[in-house]
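**Q** Each chain is listed here by its residues.
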Amino acid sequence: MTDVLEVTGLTVGYDGVSVLHEVDLRVRAGTICAVLGANGAGKSTLLRTLSGMLRPSTGRIVFEGTDLRGVPVEHLVRRGLAHVPEGRGIIAELTVAENLRLGGLFRGDRRELRATMAGVYELFEPLRERRGHLGHQLSGGERQMLALGRALMARPRLLLLDEPSLGLAPRMAARTLALLRRLRDESGLSVLLVEQNVRSALSVADDGVVMALGRVVAAAPARALAGDDQLRHAYLGF
Amino acid sequence: MDRFLFLTVDGLSRGAVYAAFALALVLIWRGTRIVNFAQGVLAVATAYLAYSVAGATGSYWAGFAAALAAGLVLGALVERLVMRRVAQAPPLNAVIVALGLVLLAQGVLGMLYGTQYLPFPAPFSRTAMTVAGVPLLSRYDLFVFGTVLLLMVGLALLFTRTATGLRMRAAAFAPDVSRLLGVSVGRTLTLGWALAALVGALAGMLVIPTGLGLHPTAMDLVFVSAFTAAVVGGLDSPAGAVVGGLAVGLVLSYVGGYLGSASTPLAVLALLVVVLLARPTGLFSGTGARRV
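If you read the sequences in order, they're chains C and G. Read left to right, the first sequence gives residues 75 to 312 (our numbering). Read left to right, the second sequence gives residues 5 to 296 (our numbering).
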């Protein structure tokens, strides 16, 4: 199976202090890969680097065979890589419909945009009802739907998701993860998922990567990680 | 009563121009959190170009079009060549740079055109037409109202109905997220400055004929009035800029009409101070929209 994303030797630092050390990572096409680890392990930094918001000091990020070095942030989504950032990034001053439109605007084809939006509304019915509401009027669950829906407007092939279940009721979080599985199975979407909730992340993921203090300490199929008691105790805390 | 009516209409006409000029300030503030102190002198520069073009072609409208086009280009150049360099710096840097630009541009304009007031006629009669025995609106006032109204409708359509407008709003509210969604934030900033300078140029073309004439400092007092208007309305709010502009126009017209025109500059500053003390965020901002 080919890799949709291949990261090798990624090192990133803020103000001279490195936060990621020599990180290697691969996401196979059409699979969900969970990045696990305690707070401060470097998970969000990893995602921010992958989506071009931070520049690595060394290392390579290869997306579908092309090196992403020097590609500006705003071009990544055109290539098929969408990022739902930490905190979801809903634009509070825009309506639900405007947030969604913005997600697919780069394609410039009105008819396609409308069709994609209809598809998103089908996945997230509550958004259709609230399409005229401003972002800051939404509940936590609705914001999550909007963030995911807006990312899907770009019709990405790889989705970077930062803590999708953070602040959500358990039922809502489970529904989000189930949706990821469905998108993977039905449209071959690949997902790189950063998640605090290890158990539920491993339950939907195909592969898992465990990070600690900016390094990758384990990479294995999700099932193997879930079954490795020693690793679980040492790094994942359950 | 007649005098009151006349002053009201005159105030609204002036206020319409302040509203447009304030709108230009709001456009840039929303996108960059910079108050463009150079906006007045940019507008004056385009008016000088209009003066030259009108003199060479004999057509007021050729000059008018040249001023608007020059506004677009100047705004884009100022953003690309100057403001982009101080975008990441502390806010005071942008203020100082803009003020430097004012001195530089006023100096250069003075060298090119001299510092005497040049005649800058209006394209229509400024004599008030008499309605039911009361001298009210002039043809020029009507032209001013019509132009500003057209401008506002145009801007409203641009921002609410077009993809470019959506990108500009998104980039202004949340630049980092917008970038992730594929918006070239740099490009929307350049466009925002170009558009603001175009609006400023238009306001300059409308207001300079009502003053003493063309001079490198011809827009200074207009700038202070429009800045006051924008602060009154809340720098974040386009609707606030319009209401603020009209309000400031009315106040200045009444003060000038009843207390003498010498007191208007003082009145503008007094109003600005009062607003800053009483409600520094403006009347129309802070409606509860917060970043999520």
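Heads up, some of the hints might be wrong.
Calculated Cβ distances over 10 Å to all of chain G for the following chain C residues [stated by the list, open to error]:
(1) G133
(2) V151
(3) A156
One-sided and incomplete, this derived list gives chain C residues near chain G with beta-carbon spacing under 8 Å [as the list claims (entries may be wrong)]:
(4) S125
(5) L168
(6) A171
(7) R175
These are computed hints drawn from the structure, not numbers from a lab. Think of the CB as a built atom: it goes at the ideal place given N, C-alpha and C, for glycine as much as any other residue.
**Q** Taking the numbered hints from earlier one at a time, note which ones the structure violates and give those numbers from smallest to largest.
**A** 2, 3 and 6
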